[in-house]
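Take any residue in the sequence shown, note its place counting from 1, add 3, and you have its number in this note's numbering.
Read the hints as simulated data drawn from the structure, not as lab findings. Wrong hints could be hidden among the right ones.
Stated by the list, open to error - In silico EDC-like cross-links for lysine to aspartate or glutamate, where the CA-CA straight-line distance does not exceed 20 Å:
#  : residue 1 : residue 2
1  : Lys-140   : Asp-155
2  : Lys-140   : Glu-253
3  : Lys-159   : Asp-265
4  : Lys-140   : Glu-282
5  : Lys-140   : Glu-129
6  : Lys-205   : Glu-314
7  : Lys-12    : Asp-33
8  : Lys-264   : Asp-155
9  : Lys-89    : Glu-115
10 : Lys-264   : Glu-253
11 : Lys-12    : Glu-32
12 : Lys-12    : Glu-57
13 : Lys-12    : Glu-92
14 : Lys-305   : Asp-287
15 : Lys-292   : Asp-33
16 : Lys-140   : Glu-314
17 : Lys-304   : Asp-33
Just so you know, these numbers come straight off a predicted model, no measurement behind them.
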Amino acid sequence: MNGMGGSVKFGILGLGMGASRARLIPQTEDAELVCVCDLQEEKARQVAKELNCEWTTSYDEMLRRNDIDVVGVFTPSGTHCDYAIKAIEAGKHVFVTKPMDLRVEKCDSAIEAARRAGVVLAVDFELRYSETNQRIKLALDNGRLGRLILGDLRMKWYRTQEYYEGGYPPGWRKRRSTEGGSAANQGVHYIDLIQWFMGPVKTVYGRTGTFAHDIETEDLSMALLTFKNGAWGSITTTTVNYPSLGTSIEITGDNGSIVWKDGKVPLYKLKDDPTPSLEEFPLDPDRPKNIIEDMVSAIKKKAPVMVDGDEGRKSVVIINAIYESSKSGKVIEIG
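Work out the full structure: start from the sequences and follow the hints.
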């Protein structure tokens, strides 16, 4: 495994979203893309040619290589931790795309496997690396909004039936075992973000349903939350909203409010400051800007990753509580 010297060598599994992360590696200092892997040989060949690396259709073959330090997993949602554990058992550091997995128990198994092996396990929640989002987090942690009272998440997207029928293997997006629905697939980025902003969730009361698609999973979820700090919250995720209205997070404290809308902040108002600015919170210019930089920093500098396994599982716990509450009709206590 890589020590302090030399480049950190990467292998990428799954070249849907994984291709965009593979392209970041040659652009990153002290990072080298060694191999890509995909079930579709033509896709693997194409990306390997573009990025001047090796390719394979066999994950086991990639894991047997001694010249790979880190594996990135970009496969259907319900398989992330299975592939992560295989990488860990092969002595590799590993990161997975969102969600960490669909089941909390699988997340826990991966966390324990990484702990035993002494390797880095991370989850690629790309919104955590955003400068805007990091400044919002600092503003909240520094009490600029005062006591937090309410956090509302609304993700109103549109997906066609063809979207669910597509992908590889075909139809994986509509299956409960591999996809997870509007909360676990599309919504998880924002569920992670709101719990990062607001703090740990205490209770969840949720409803889910399938209204406009022929799929096993939900295309609409709604939930009411309480947070450990006493604040309340709500979550809506859907793929039935035509036209798509994007995603917003509104956070209210007793001193003001912040509105986040599709990565921008159209409103930031405080009672005690007529001209508040998120620019008042300086960020380290050398901080990791994406998951590739984060993994390089973790391995070469022994720095903590932005989202480790314990942090990555939090959104999975919330989403599973929404499903459990919808099935039982009860409030689910998670913290």
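So, going through the hints one by one against the coordinates:
With a C-alpha separation of about 15 Å, the suggested pair Lys-140 and Asp-155 falls inside the 20 Å cut-off, and the hint holds. For a cut-off of 20 Å, the pair hint linking Lys-140 to Glu-253 stands: about 13 Å separates their Cα positions. Among the hinted pairs, Lys-159 with Asp-265 is consistent with the structure: their alpha-carbon atoms are about 11 Å apart, no more than 20 Å. For the given pair, Lys-140 sits about 12 Å from Glu-282 by alpha-carbon distance, which is consistent with the 20 Å threshold.
Annotation: proposed proximity of Lys-140 to Glu-129 holds, straight-line Cα distance about 15 Å (limit 20 Å). With a C-alpha separation of about 15 Å, the suggested pair Lys-205 and Glu-314 falls inside the 20 Å cut-off, and the hint holds. Taking the CA atoms of Lys-12 and Asp-33, the gap is about 9 Å. The hint holds against a cut of 20 Å. Distance restraint check for Lys-264 and Asp-155: the Cα-Cα separation of roughly 12 Å lies within the 20 Å cut-off, and the hinted pair is therefore satisfied.
Simply put, Lys-89 and Glu-115 have alpha-carbon atoms about 13 Å apart, close enough for the 20 Å limit, and the pair holds. The hinted pair formed by Lys-264 and Glu-253 meets the criterion: a straight-line CA distance of about 8 Å does not exceed 20 Å. Between Lys-12 and Glu-32 the CA atoms are separated by roughly 11 Å; this keeps the pair inside 20 Å, and the hint holds. Distance restraint check for Lys-12 and Glu-57: the Cα-Cα separation of roughly 12 Å lies within the 20 Å cut-off, and the hinted pair is therefore satisfied.
Distance restraint check for Lys-12 and Glu-92: the Cα-Cα separation of roughly 17 Å lies within the 20 Å cut-off, and the hinted pair is therefore satisfied. About 17 Å separates the Cα atoms of Lys-305 and Asp-287, which keeps this hinted pair within 20 Å; it holds. About 14 Å separates the Cα atoms of Lys-292 and Asp-33, which keeps this hinted pair within 20 Å; it holds. Simply put, Lys-140 and Glu-314 have alpha-carbon atoms about 15 Å apart, close enough for the 20 Å limit, and the pair holds.
Distance check on the hinted pair: Lys-304 and Asp-33 sit about 12 Å apart at the alpha-carbon level, within 20 Å; holds.
In this structure, every one of the numbered hints holds.
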